[in-house]
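Hey, can you work out the whole structure from these sequences and the hints?
Going down the list, the sequences are from chains A and B.
The first sequence: position 18 = 18 (this note's numbering), numbered continuously.
The second sequence: position 139 = 139 (this note's numbering), numbered continuously.
Derived from the structure by calculation, the hints contain no laboratory data.
A few of these clues could be false.
Note that the list lumps identical chains together, so a pair holds whenever it fits in one copy or between two copies.
[Claimed, not checked] Quick list of in silico lysine to any residue cross-link-like pairs, SDA-like style, CA-CA up to 25 Å:
{"id": "1", "residue 1": "Lys277", "residue 2": "Asn74"}
{"id": "2", "residue 1": "Lys178", "residue 2": "Asp282"}
{"id": "3", "residue 1": "Lys28", "residue 2": "Arg14"}
{"id": "4", "residue 1": "Lys28", "residue 2": "Ile291"}
{"id": "5", "residue 1": "Lys178", "residue 2": "Leu168"}
{"id": "6", "residue 1": "Lys277", "residue 2": "Pro84"}
{"id": "7", "residue 1": "Lys215", "residue 2": "Leu27"}
{"id": "8", "residue 1": "Lys178", "residue 2": "Thr77"}
{"id": "9", "residue 1": "Lys277", "residue 2": "Gly171"}
{"id": "10", "residue 1": "Lys277", "residue 2": "Asp170"}
{"id": "11", "residue 1": "Lys28", "residue 2": "Lys178"}
{"id": "12", "residue 1": "Lys277", "residue 2": "Arg52"}
{"id": "13", "residue 1": "Lys28", "residue 2": "Asn74"}
{"id": "14", "residue 1": "Lys277", "residue 2": "Met76"}
{"id": "15", "residue 1": "Lys178", "residue 2": "Gln323"}
{"id": "16", "residue 1": "Lys277", "residue 2": "Val173"}
{"id": "17", "residue 1": "Lys277", "residue 2": "Ser174"}
{"id": "18", "residue 1": "Lys178", "residue 2": "Asp274"}
{"id": "19", "residue 1": "Lys277", "residue 2": "Glu169"}
{"id": "20", "residue 1": "Lys178", "residue 2": "Gln287"}
{"id": "21", "residue 1": "Lys277", "residue 2": "Arg154"}
{"id": "22", "residue 1": "Lys48", "residue 2": "Tyr128"}
{"id": "23", "residue 1": "Lys215", "residue 2": "Arg129"}
{"id": "24", "residue 1": "Lys178", "residue 2": "Ser283"}
{"id": "25", "residue 1": "Lys277", "residue 2": "Leu168"}
{"id": "26", "residue 1": "Lys178", "residue 2": "Met76"}
{"id": "27", "residue 1": "Lys226", "residue 2": "Glu203"}
Protein chains: 2
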Amino acid sequence: MPEVIIGVDLGGTRIRAAQLDHHLNILKREEMLTLADHGLEPTITRIKDLIRTVLPEDKTRVRGIGISAPGPLNPMTGVIVAPPNLPGWHNVPLERILHEQFDIPVFLGNDANVAALAEAARGAASGYRHVIYITISTGIGSGVIVDGRLLLGREGLAAEFGHIALVLEDGRVSTPEKEAAGPALARRARMLISQGQSSVISELVNGDLDSVDGKIVGQAVAQGDKLALEVVQRGGRIVGLGIVTLLHMFNPEVIVIGGGVSRLWDTLYPPMIDAIKSYSMDSAYWQELLIERAGLGEDVSIIGAGALVATNGGVEDLTQVLQTLNG
Amino acid sequence: MPEVIIGVDLGGTRIRAAQLDHHLNILKREEMLTLADHGLEPTITRIKDLIRTVLPEDKTRVRGIGISAPGPLNPMTGVIVAPPNLPGWHNVPLERILHEQFDIPVFLGNDANVAALAEAARGAASGYRHVIYITISTGIGSGVIVDGRLLLGREGLAAEFGHIALVLEDGRVSTPEKEAAGPALARRARMLISQGQSSVISELVNGDLDSVDGKIVGQAVAQGDKLALEVVQRGGRIVGLGIVTLLHMFNPEVIVIGGGVSRLWDTLYPPMIDAIKSYSMDSAYWQELLIERAGLGEDVSIIGAGALVATNGGVEDLTQVLQTLNG
Chain A
1 MPEVIIGVDL GGTRIRAAQL DHHLNILKRE EMLTLADHGL EPTITRIKDL
51 IRTVLPEDKT RVRGIGISAP GPLNPMTGVI VAPPNLPGWH NVPLERILHE
101 QFDIPVFLGN DANVAALAEA ARGAASGYRH VIYITISTGI GSGVIVDGRL
151 LLGREGLAAE FGHIALVLED GRVSTPEKEA AGPALARRAR MLISQGQSSV
201 ISELVNGDLD SVDGKIVGQA VAQGDKLALE VVQRGGRIVG LGIVTLLHMF
251 NPEVIVIGGG VSRLWDTLYP PMIDAIKSYS MDSAYWQELL IERAGLGEDV
301 SIIGAGALVA TNGGVEDLTQ VLQTLNG
Chain B
1 MPEVIIGVDL GGTRIRAAQL DHHLNILKRE EMLTLADHGL EPTITRIKDL
51 IRTVLPEDKT RVRGIGISAP GPLNPMTGVI VAPPNLPGWH NVPLERILHE
101 QFDIPVFLGN DANVAALAEA ARGAASGYRH VIYITISTGI GSGVIVDGRL
151 LLGREGLAAE FGHIALVLED GRVSTPEKEA AGPALARRAR MLISQGQSSV
201 ISELVNGDLD SVDGKIVGQA VAQGDKLALE VVQRGGRIVG LGIVTLLHMF
251 NPEVIVIGGG VSRLWDTLYP PMIDAIKSYS MDSAYWQELL IERAGLGEDV
301 SIIGAGALVA TNGGVEDLTQ VLQTLNG
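What follows is the structure, encoded as structure tokens:
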């Protein structure tokens, strides 16, 4: 019987697990609610239960278990530090817990890094060796593939594009996440409206500005609302300025952009590409650059968790591993 | 007879060449003036002549010739594009020219990347696997070692820290090089003086503000001049903000800083480390980070050119290569 890989996506709302083959095709898939508010132990029990449902009868066929989890986490030690959407989780040694349970190698990766592996393995960056994945959602995360290998850094803290330093027009130092993630777009829309600017957003929330979120801003964009368009365009420009930095530091072949905010692509993209073209040192940085929307949808974390196992935690060359598997 | 490596440093003023052993020790060293203003062909002839003076009699003992050259250049194709300090050089296929001459493998690298390899091999970052080298001089260049391997990117254009996007207090988009390299410090000092601020710089140049350069600013700093101190401190803060971005993207173990402006260390460092501590997402990014001054002096390019050969152009793992060589 051929080897298989177990991929697990630990999210704040749902846990998903799959059995994958060597080519990272999903053979079997199950999911459960995380019930994060029940606390740590019940969720860990659910993770174990869910893994059991996708394990083959012959455990020796399993190459490893890969886990995509929200950061901050340490992929070197396999410890989940303190994710905002998993209350009660503080320095949980998930890798050790699951290894003791199943006696199978376990690899832990943060969700954005894992998604980068997935998109490079089977998604929008398939076949490329120099890849940057950016997700713009309630936060901004990223994952970088440098010449086929996942960029981790000394303690696995690398590739935090959402937190790079950014000086704003008014001299404040901020970050892409604080300016362009969904909550930041909502905050800015609220601020402009409370300063007296008119927007369809006020009607969409019946005047309850506190309930404005990224989705509402997106709805207003869809209706052509001027204020919402400007807010998202500003976000696109800021992400574009950040991408200029990424281009000069990594000279990638492809940038893949995912996450809920990326659904506003038609509004986000023009100011983003304009900033990239305006502020790159040389057109060589963007002329042959591909900018792609994420291609894998909700399977991204499961496939990426599988790729994490296939590359021994991201340390081996993804392209080579896939060629070997497919050869 | 053991294998040797030829390392060449092609600079705007001087060409230096050395024969190195496996451990990157310099066995023999020669240098000539570049005479860049004589044009392309005479300089290429001088490079060939100089290499001959350090070649062993038995050419088969030479593992390869490494060349450190000013960018922009393409390390993949071995072509020097158009360095400002080598007038008349446009798309010169130096790798092919030297390979045809000597029938020995030739590797071309930009000087900042090569210096990063050198510092990681034998200098201030010796033994580390996650290294960023920054040189602050007439420009700002950098080289990055990611988990033992030189970061090159798709076309070898990676690691251009001097050109990352930086928004200033007044809303302008600039770069670290345009704000903190030697000429930028001089420009800012000139501007402040011409606005009426007093500084010892005016006396140092006998009122000829056009002749203010980075060195003059350094002299004024040495005399405790308030304006010069403020100019360099601002540069330190800007470099520090840029380093925040590098820390979040690369999570390095060590940052090595070289170049002429880094001689103003006591003035540059405090605002730099202050920005790093103020704007990092988490102290984990800087708490165990080493920030070191470059350790190799003028031999850096020759040793780095040797390391470029030892790692097959930077694609192999430096630590592993050195362990093999030293083992």
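Q.
Let me make sure I understand: some of the numbered hints might not hold for this structure. Which ones are they, in numerical order?
A. When the structure is compared with the hints, numbers 4, 7, 8, 11, 12, 13, 15, 22, 23, 26 turn out to be violated.
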